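4 protein chains.
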Amino acid sequence: MSGIVGVYSKDNHNVSQTIYYGLYALQHRGQISSGIAVNHNGFVDYHKDLGLVNEGFNKEIIDGLVGNIGIGHVRYAQQSEGKNTNNAQPLVAGYKMGPLGLSNDGSLVNVNKLKDKLIYSIFQTDLDGEVVANLIAYYHEDNIESAIVKAIADLDGSYSMVLMTWDKLIGARDPHGLKPLSIGKYGEDYILASETCAFDTIGAKYIRDVEPGEVVRIDENGITTLRHEPKEIRKCLFEFIYFARPDSGMNNRSLYSIRRAAGRKLFKEFETEGDVVIGAPDSGTVAAMGYAAESGIPYKEGIIKNRYVGRTFIEPSQELREQGVMIKLNALRENVEGKRIVLVDDSIVRGTTIKRTVSMLKNAGAKEIHVRISCPPVTRTCYLGMDTPSEESLIGANMTVEEIREEIGADSLYYLSLDGLIEATGGDKGYCTGCFDGNYAVEKEIGE
Amino acid sequence: MSGIVGVYSKDNHNVSQTIYYGLYALQHRGQISSGIAVNHNGFVDYHKDLGLVNEGFNKEIIDGLVGNIGIGHVRYAQQSEGKNTNNAQPLVAGYKMGPLGLSNDGSLVNVNKLKDKLIYSIFQTDLDGEVVANLIAYYHEDNIESAIVKAIADLDGSYSMVLMTWDKLIGARDPHGLKPLSIGKYGEDYILASETCAFDTIGAKYIRDVEPGEVVRIDENGITTLRHEPKEIRKCLFEFIYFARPDSGMNNRSLYSIRRAAGRKLFKEFETEGDVVIGAPDSGTVAAMGYAAESGIPYKEGIIKNRYVGRTFIEPSQELREQGVMIKLNALRENVEGKRIVLVDDSIVRGTTIKRTVSMLKNAGAKEIHVRISCPPVTRTCYLGMDTPSEESLIGANMTVEEIREEIGADSLYYLSLDGLIEATGGDKGYCTGCFDGNYAVEKEIGE
Amino acid sequence: MSGIVGVYSKDNHNVSQTIYYGLYALQHRGQISSGIAVNHNGFVDYHKDLGLVNEGFNKEIIDGLVGNIGIGHVRYAQQSEGKNTNNAQPLVAGYKMGPLGLSNDGSLVNVNKLKDKLIYSIFQTDLDGEVVANLIAYYHEDNIESAIVKAIADLDGSYSMVLMTWDKLIGARDPHGLKPLSIGKYGEDYILASETCAFDTIGAKYIRDVEPGEVVRIDENGITTLRHEPKEIRKCLFEFIYFARPDSGMNNRSLYSIRRAAGRKLFKEFETEGDVVIGAPDSGTVAAMGYAAESGIPYKEGIIKNRYVGRTFIEPSQELREQGVMIKLNALRENVEGKRIVLVDDSIVRGTTIKRTVSMLKNAGAKEIHVRISCPPVTRTCYLGMDTPSEESLIGANMTVEEIREEIGADSLYYLSLDGLIEATGGDKGYCTGCFDGNYAVEKEIGE
Amino acid sequence: MSGIVGVYSKDNHNVSQTIYYGLYALQHRGQISSGIAVNHNGFVDYHKDLGLVNEGFNKEIIDGLVGNIGIGHVRYAQQSEGKNTNNAQPLVAGYKMGPLGLSNDGSLVNVNKLKDKLIYSIFQTDLDGEVVANLIAYYHEDNIESAIVKAIADLDGSYSMVLMTWDKLIGARDPHGLKPLSIGKYGEDYILASETCAFDTIGAKYIRDVEPGEVVRIDENGITTLRHEPKEIRKCLFEFIYFARPDSGMNNRSLYSIRRAAGRKLFKEFETEGDVVIGAPDSGTVAAMGYAAESGIPYKEGIIKNRYVGRTFIEPSQELREQGVMIKLNALRENVEGKRIVLVDDSIVRGTTIKRTVSMLKNAGAKEIHVRISCPPVTRTCYLGMDTPSEESLIGANMTVEEIREEIGADSLYYLSLDGLIEATGGDKGYCTGCFDGNYAVEKEIGE
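Protein chains in written order, with this note's numbering: chain W, 12 to 459; chain D, 12 to 459; chain Z, 12 to 459; chain L, 12 to 459.
Next comes chain W alone, as it looks inside the complex (with noise of 0.2 Å):
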């Protein structure tokens, strides 16, 4: 999972600063790492470094990236890699044809049978944006552009792509529309970026998304549809529930209120009696919202975030633990204590946060639980992009929902109905629910 933001500035405008904002507002994409390479007339610059945007750059270091063209790149935390900069992106390359940027989110399918073409390239990352750059290369004998459509045409997964070349922003989105790519404006500046909340940070118009299958082509012409084959549309469902930020639009639609449509669902589909509804903090709110303003039932915070937790703190001793240290989250006593909760979440992926969340409810007087999750019970790992952890961990994977409901000591548990989530979406067209159900949008191939 990451997050990517491309810029074209027909004025000449600098674009590392907006580019810069651009990042920020996809930081909850990624915070191991972020990126930022720039061209002007050819000359690449760029900076890459291991944390968040604001630890990895500086305005020395953004007043120091001069160009009218620019790609930048945040990247997730992945558990199998170590702390280098080795994988942060954007890959910046030199080629035969001039230099090359590409900032990449998703995962393909098929690099094993693509590398088998590539026999003559050597691979320095883990990066599958290292592999579309060798296979532009390898096609080199065309011009760039068409290069770049071939290269994209033997892409099997999910994907969405910034280029950079010396004097064009190129971006493309796999067929399947599995991750997103909206299209903006500011003046006669062009923005890619992962979310429509990017635009608003920096200022620019929502245009309209790259489609499924398409390759668009910026530079001083505007944009330029390059190839446009899509497949069947099959978006990712983990993007509209959980991953997206509750102000980019999807679908036409803001995601905030598709996840409050889908607490309402929750109701519709399965109504409970309670006193009260709580959001898990924070991922549960807005759909808890939608569910209190379905049920009737009235919306509180039955739980306050330590605001002021960092991303590194000293683990409590065991007797600590036992005596009941609780850093990040605390009940508010008197919006819990004798009250039947209906406590609404996002999704259920290992079940150890919930079942820490019902526990500290219930010793803090709570009469009864009843956990409603807006989305079905996660079942399968994603091998498309969505960083889910192996199908051991899943606890969807290995527990029927009664069992869950026993383990996270919840009253009732409710999972929505994968026909009541995507109706909250509001598409008309299809999504990938491979983690759901195991229809995922591609094949995983032997080997990857």
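These are calculated hints, taken from the structure and not from any lab test.
Among the hints, a few may not be true.
One copy or two, either will do: identical chains are not told apart, so a pair holds if it fits within one copy or between any two.
[Said to hold, decoys possible] In silico DSBU-like pairs for lysine-lysine, Cα to Cα no more than 30 Å straight-line:
no.: 1; residue 1: Lys366; residue 2: Lys279
no.: 2; residue 1: Lys316; residue 2: Lys216
no.: 3; residue 1: Lys196; residue 2: Lys242
no.: 4; residue 1: Lys126; residue 2: Lys161
no.: 5; residue 1: Lys21; residue 2: Lys70
no.: 6; residue 1: Lys196; residue 2: Lys339
Every value quoted in this text rests on a predicted model; they were computed, and no experiment measured them.
Please arrange chains D, Z and L on chain W, whose structure you already have, making use of the hints.
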């Protein structure tokens, strides 16, 4: 403004971890520095550093602090001070009667007069606590407890204090009760803390408050009141409105319910028509929900906060500011556009934040914006420990309500009345209302 | 300029610590970045970072690098490059034939021509080693060893290289022997290193040099020569004069004795009267002692170096500079005042340092200063891997000896003759003298 | 052990940069912390931090310190203290008579007795300087200068001190002259510093020493002696042997020439046959050159030091230690092998370093090793400010010379006699010889 913690373990538990987690819970009371001092049979050890608790302490440091008595402190930034640890607390000193540690929250008004008495003393910090420690030394011919009681009797202003001697923990609160201090217990161990949320965090039980004007001693014999000379009760209203954590309790109610009640009062005092109630993030959320509940106007999230804005980031260039770069906040257009909005906040100090929020909502298409503030206009600066700016910076000190409305661009503006606010707190006792009407609990001495 | 290390452990020792200490010994060859890559049965792990070895590595990192084959690299600062780890070595890559690691010291002169061949490759760094790795992939239809031999046969310029495949360590040295590479052994383990001081540091025994034009393979069968095609031997004289550590050996003599011999030659070629011989710190010390021994003029320390000057310090204001602030060096007045000084240094490049030193000695009361340089004037820039500045910055390229003498303020100036220098090295074979007389070992190709 | 600097600028230059460079020159006297305090018309500002001067200060900090009077301090590590800035100097305080700053080098022996007097004081540090500052406050009824003189008259032990009042700079030195303090001048500005090398560094001229037992005041009227009550002169011999920089002057001679003279004496007292004289790096080099000059045995570098060993590095594993890993030092085999070596060092404290050096030289093939030490055996720990270890760690306190010889593995061992050492210093006045023979300048008081 500061957060303080003190722990006494009769059972000889090491208290450093407990203090650490207690400070974590009080981190909203101060982020500029943190410190912990412990003592075992008179052997004192301590550590203080700049920044948040999790920045200043790691496991090695905490494990190196060994003692069954200890105190901690988190400190709020003050505009005047540079970046050194010199003013970090706890203050730790040795004198004829042994080791002495002191953490203080508050602001004395008779420091100069006290210093006149302390002709043999040198002062290495700007801390009131250093004056107190020197006063204790000044009264040293008595035993240390009576010296502490005498020293405290000399103080004028606001203070809430924990002191550590070689074998005792002392807590003291100013006679007006301006600053909070509560007593908790877990097993046979006692904890003093600025707010009760610290007790929840470490799994302790709230026992009672240290009373205004009370000095308590905690040792192997439990709690003993050494002195109890209250004056007229004048609690700080800003603790209720803004400063304390919503899950902390004061006046036997949670701050959450008090702020919600203030939101309800706001509507009762001045009914408004509107389509949606929005809370200014994060401080106005609870009052906004109360307002929504009382008025029947639906509460919605109208403003999304970027959760990944660190403490430092690059300021946008003038060009990008004009373009409308908004890093921290984004309007949720669909809850705003074409709507009559009731925007609730807890207070207006300088007026700059609310002005920017109103402007952002207007840009997102709000039809009307009615600003409702859950306290009266802040017209005076506080010299009793609340870090309000000087009066030239206080918008309420320089404009009428109508002028403020115009300045911030709202369609209407209403402040909760002082009576309404006090009713919401449920307090049958008095408050310091100095910042609203100049009626301070304590007069400032000349030269302070 | 770089330092390289490679280790193969037949007995399956973990080699990361050995490489770490080996790099420590070669730290004078590069302080800008360091890196180590290891491999165990083809599972490669590596770490690279900016700065010195002890800044980039800690115990946790070293212990995490597990393998019985490994290579390391330290890199010299180049003026053109920014602060990122992208050009740090070793280069680590995977390709059809498995993992490949490469550390290189040197500079190729036919990179552009090689790239013409590598039409399917992309280049993510400025490293010659990346070209070599792509060449190896280009020759991939053969087995990896023969591909490496073919690739190396294509190279033109200076290089000294260690390569790691999944089960072998390869060492290669350019056919002119411009760059050094030696073989050491401890127990059954082999070590390749730029200089023999690395063997002393880790307790290994010097076996022999990798010969000019030789490619050696080290595996469970010991050392095998894969190729040996030397050209005319043209070692880099600057390694002898300046770059290599005095306790390293070349031509079966220590650099210490070679530099001392050069000092002796200096006097023999041009006898000077003087009261005291002083070495310019630190590089002129050894030659100065040789000069003193030959001339009978006593060697004394005339300049004291501040041992605590870090890499960054505040530049003195203009006012303080005029006042004569000297942070790094101080004249030892009593060995200088009223004395006729013979000041010996190893070379003059820009001339700024020696000028400042002469001026300082004059200010300290030196009666006469006779500068003696233990190599000829440097008149040409090096494109074969020595990081000399461009010719406009080389004082020897722009002034006669007499002009230089005047510029640096010396009473006399004498440079050792090229013949004298070569005699001092004890070398019966040839040297590259390009930087002195333009007679480079290898011609620079057009466009490089 | 510390280094101190004080500057008074009559011409109202800002003194912070001057102090900074002065501390740089004194960095060998302390690396654990550094600090600077300045004052302009009584407005005091200061900065203290852990680590070297260039780590604790940057341009922004220095430029922020504005004043025409200032003092600075560098502090030596003491084994007992943790990592906090609490014991960093200068001590800065305010009291009835205005601001007071104090930097001290030395160790008092009557602290407890002084504290008995200071019954109204609290002590926040372990610094002797804090006791002195409280004494000054204690005598406050007088004007500040006479209070300072009275306070200093109370002190017993070693001290060298600079004090800053709102308009004056004061310097004081203990009556035995144990600790050094010199006066320099540049233009109309005065500088006090522990060693004269600080004057050279900033371009100032040495005027004279502050005399033992003298208190000087520097203000707009120049230098005035406020008190001069010397006792028997007993300078610290370790300053001469080891501690002070070779380019500093004491007794009107450079330390360089004194150490060279000690090397000459070493040979004169006990003639030895040998092939080569080697200095133990770095402390024995100068004496070794003197020994070589006197004996006619050639001086050679037998040990090469790795210049890039930082303060922290990974300790070799047991296996590698056995293999002989030597990170810091390497024998220069050709100057060692088969040779009879005279190894000269300035002192033996614990004996571990010299033992390791002897062993390394033996491993490199030395035929004989004759260790010569340019001071007598150190048999007693110092309580007067030299940071020698406790007596159980002093090899000279626990073994005879013959036993030490055997322990360190030398073929012979000779220590310079005390008379020989004193002669070498050129001192016609007395020395403290406590660490050699127990005859300390000042008796330690009970309980100190």
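Of the numbered hints stated previously, which ones are contradicted by the structure, given in increasing order?
Checked against the structure, no hint fails, so every one of them is satisfied.
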